[in-house]
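Engineer: Sequence:
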Amino acid sequence: MEKLDRAKQFLSEAKGELKKVTWPSKQQAFSATWVVIVMVIMSAVFLGLVDFVLSSLVKYILR
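Throughout, the numbering used here is defined as the position within the sequence shown, counted from one, plus 867.
No lab work stands behind these hints: they were computed from the structure. Backbone N, C-alpha and C define an ideal beta-carbon position, used for all residues, glycine too. Please note that the accuracy of each hint is not assured.
[Unchecked claim] Pairs of lysine-lysine residues, derived as BS3-like cross-links and limited to a Cα-Cα distance of at most 27 Å, are as follows:
(1) Lys-882 x Lys-893
(2) Lys-875 x Lys-887
(3) Lys-875 x Lys-886
(4) Lys-882 x Lys-870
(5) Lys-886 x Lys-870
[Stated by the list, open to error] Across the chosen pairs, the derived CB separations fall in these ranges:
(6) Ser-898 x Asp-918: 22 to 32 Å
(7) Phe-913 x Val-888: 48 to 58 Å
(8) Ser-892 x Asp-918: 30 to 40 Å
(9) Val-907 x Phe-877: 26 to 36 Å
(10) Leu-885 x Phe-913: 30 to 40 Å
(11) Leu-929 x Lys-887: 54 to 64 Å
(12) Ala-896 x Lys-875: 49 to 59 Å
(13) Ile-928 x Phe-877: 56 to 66 Å
(14) Ser-923 x Glu-884: 44 to 54 Å
(15) Tyr-927 x Val-903: 28 to 38 Å
(16) Gln-876 x Val-920: 49 to 59 Å
The whole structure should be built from the sequences, with the hints applied where relevant.
Structural biologist: As structure tokens, then:
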């Protein structure tokens with residue numbers, strides 16, 4: 868029973884903490900999502916270019 872009481876206490880405290888959270892507005896969430904998407908695309912392009920250059924360099928050296 869002690870584990871059940873501890874689980875109830877945890878869930879009660881978690882619920883209390885969630886009430887303190889300042890949730891972003893729909894517009895803020897939308898803007899942040901686009902920033903993340905753009906940064907992921909930019910990172911993917913950069914890493915793709917670095918991979919291409921380094922693999923080309925290795926192929927050139929091994930010839």
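Engineer: Now tell me if each hint is right for this structure.
Structural biologist: Hint check:
1. Lys-882 x Lys-893: It holds: about 22 Å lies between the C-alpha atoms, which stays within 27 Å.
2. Lys-875 x Lys-887: With Cα atoms ~19 Å apart, Lys-875 and Lys-887 stay inside 27 Å; holds.
3. Lys-875 x Lys-886: Distance ~17 Å between Lys-875 and Lys-886 Cα, so the pair holds.
4. Lys-882 x Lys-870: Distance ~18 Å between Lys-882 and Lys-870 Cα, so the pair holds.
5. Lys-886 x Lys-870: holds (25 Å)
6. Ser-898 x Asp-918: 22 to 32 Å: holds (31 Å)
7. Phe-913 x Val-888: 48 to 58 Å: violated (34 Å)
8. Ser-892 x Asp-918: 30 to 40 Å: 39 Å Cβ-Cβ, so the 30 to 40 Å window holds.
9. Val-907 x Phe-877: 26 to 36 Å: Cβ of Val-907 to Cβ of Phe-877: about 34 Å, so the range 26 to 36 Å holds.
10. Leu-885 x Phe-913: 30 to 40 Å: holds (37 Å)
11. Leu-929 x Lys-887: 54 to 64 Å: holds (59 Å)
12. Ala-896 x Lys-875: 49 to 59 Å: violated (31 Å)
13. Ile-928 x Phe-877: 56 to 66 Å: Given a distance of about 58 Å, which is inside 56 to 66 Å, the answer is holds.
14. Ser-923 x Glu-884: 44 to 54 Å: holds (52 Å)
15. Tyr-927 x Val-903: 28 to 38 Å: holds (36 Å)
16. Gln-876 x Val-920: 49 to 59 Å: Since Gln-876 and Val-920 have Cβ atoms about 56 Å apart, the given range 49 to 59 Å holds.
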